[in-house]
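Asker: Spelled out, the chains give:
There are 2 protein chains.
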Amino acid sequence: MKNVTRRGLMAGTAIGATATMMGEFSWSSQAKAQAPQAGTQAAMAGKQAPSFYRYKVGDIEVTVVADGVSRFPLPAGFVSNVDTAEVKKALAGEFYDTEIFSNNYTPVLINTGKNLVLIDTGLGENGFNQSKGSNGQLVNNIIASGYDPKQIDTVIISHFHGDHVNGLLKADNTLAFPNAVIRVPGQEHKYWMDDAEMNKQTSERMTGLFKNNRRIFTNAEVAKRVEPYEAGKDIVAGITSVATNGHSAGHHSQIVSSGGKSLFVQGDVTHVPYLFVRNPGWHLTFDQDPQMAEATRRKVYDMLAAEKMLVQAFHYPFPSAAYIEKTPTGYREHMIQWSPTL
Amino acid sequence: MKNVTRRGLMAGTAIGATATMMGEFSWSSQAKAQAPQAGTQAAMAGKQAPSFYRYKVGDIEVTVVADGVSRFPLPAGFVSNVDTAEVKKALAGEFYDTEIFSNNYTPVLINTGKNLVLIDTGLGENGFNQSKGSNGQLVNNIIASGYDPKQIDTVIISHFHGDHVNGLLKADNTLAFPNAVIRVPGQEHKYWMDDAEMNKQTSERMTGLFKNNRRIFTNAEVAKRVEPYEAGKDIVAGITSVATNGHSAGHHSQIVSSGGKSLFVQGDVTHVPYLFVRNPGWHLTFDQDPQMAEATRRKVYDMLAAEKMLVQAFHYPFPSAAYIEKTPTGYREHMIQWSPTL
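Chains L and A, in that order, give the protein sequences. Our numbering numbers the first residue of the first sequence as 1 and each following residue consecutively. Our numbering numbers the first residue of the second sequence as 1 and each following residue consecutively.
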């Protein structure tokens, strides 16, 4: 099949009067050039581009800043209400690896002209799965993008999962963003600091999350900068919070608005789009209340589709911004087209 | 409709026992924070990320290097055999502007370990539509990606349209890649240098192309570096040419192979995917022989789908690499997922 197809193509290239007639040839890579260049043998560059991307929402400048990616064997039950075989089919449909799952982490830096605001903080230097520098890269990428972490005056947290909060602290437990107030959803903060809620937990994952959140939010430097926010209020001029509970008890999203344009910074309203946007009824194993998470997802995505509002999504493939179409079976994301100029 | 939907979402956020109850609120951006940060008023970074992206094909390093984008009013007859209304519908379906068309230019730099090879050269400093530095950026982006244009030992040209060949020369008509042999499709070179072919032309566009190609390829420094290539032969070890005529008389593509992996660098076998991949029967106004171009397109894309071979495509949105699925009505591109590490 393979050879037939390739041979078919090669034969097929002899189309039309001007085409070169050519014989069958081997597809192996043996050098056949009559006069190959000796070559400069330039050293491989060996480094990826810094992963940031910039666009405007009205007068506001948005910089998408990747923290990186974790790659791990697709866990059984990753989608809790769907067979793994069906999940693998969806991954294969996107030409993605069906055994190793790639989880992207994408905070966003927003310059309103008055405030420099970071939404979510990535895995941090203490983060999990930090193999080969493939994540925990937020601070490096902020610097590559032309900002200094010290310039950030406000950090907004969507919810208290490790990939969103661990980056608040550096490896030595000092502040990664020393001049920023840390705005947290009041509802979320209350939940994770509540001993009664902690003592109820039976799963290792939830117990671990409680411990991790206390490690971070009882740190004296963090604690004195924490300021709760409520849904429906502007955190800074141009950024308004919306309660989008379900993925966690007090999960919130942000709406960035300027000059009649709006951007919905969703946090984890959905995880990866090729699973949970296209199939909004699929439940992510990390959703604390899967039914509530699904209801929130459908409400938000109905709104995004109806409003044609751009969404910036933490776990979408970088640069993680898309428009949403409603389909008969769910939704479809349309990633923005990369612009080489601002 | 707009307000109802938004209000609906906001009301809908009060889901479940843990959700904050919230009243209706205005979506205008007036500051309402109780204690807004004064803000550091950091200057806007004001610059896009350098548009390059890197991946491996076996042991070969591929660097996608954007030349940029032109934006122009969608010309009547852009798709010669389809109503403009239908073209606009396809653009709207991707949430793209239906009046202003964005044309991306994406050369590719390939380090085989022995050779540093550039495929196609962008619009160059003398290029058309070079407004606001939004194109003609290839050399800048090569440098940003960690290479020096002087290191390039081989330039391969897919075909002789201005956005592929103009970048061979700088604004002062000196060579942009002074140490490179310029490998051109023999068939294409012969066609454009043929006076009888030139004298046949009646359209301003074709006459202009003949003039432009003679400006470039009769330049003494270019002419002495030009070396024709033929389909089915390796240009350097690891890069083999395939005749893919139709878009122009002697249009060729390249197959990059290493370690059992292959990449198809297609040139203009299709123009933008959301028009011509999904609708392979649509004819681009710039296709010299539309019937032959369509036949070539279908053969190549059948092969790409059957082989699950990655395609790197000059006019796809950056970073311009995708896998191809065959659909009942044509094909569908699945853009690769950006990896923040190499």
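Derived from the structure by calculation, the hints contain no laboratory data. Fair warning: there could be bad hints in the mix.
The list cannot tell twin chains apart, which means a pair is met if one copy fits it or any two copies do.
Calculated cross-link-like contacts (lysine to aspartate or glutamate; reagent style DMTMM-like; alpha-carbon spacing at most 20 Å) [what the hints assert, rightly or not]: (1) 88 x 325; (2) 47 x 172; (3) 261 x 125; (4) 56 x 230; (5) 114 x 86; (6) 114 x 125; (7) 326 x 230; (8) 88 x 302; (9) 190 x 227.
Asker: Does each hint hold? Answer for all of them.
Answerer: So, going through the hints one by one against the coordinates:
no. : hint      : result
1   : 88 x 325  : between (23 Å within a copy, 17 Å between copies)
2   : 47 x 172  : neither (27 Å within a copy, 32 Å between copies)
3   : 261 x 125 : neither (35 Å within a copy, 34 Å between copies)
4   : 56 x 230  : neither (26 Å within a copy, 46 Å between copies)
5   : 114 x 86  : neither (47 Å within a copy, 44 Å between copies)
6   : 114 x 125 : neither (29 Å within a copy, 37 Å between copies)
7   : 326 x 230 : neither (29 Å within a copy, 48 Å between copies)
8   : 88 x 302  : neither (26 Å within a copy, 24 Å between copies)
9   : 190 x 227 : within (12 Å within a copy, 71 Å between copies)
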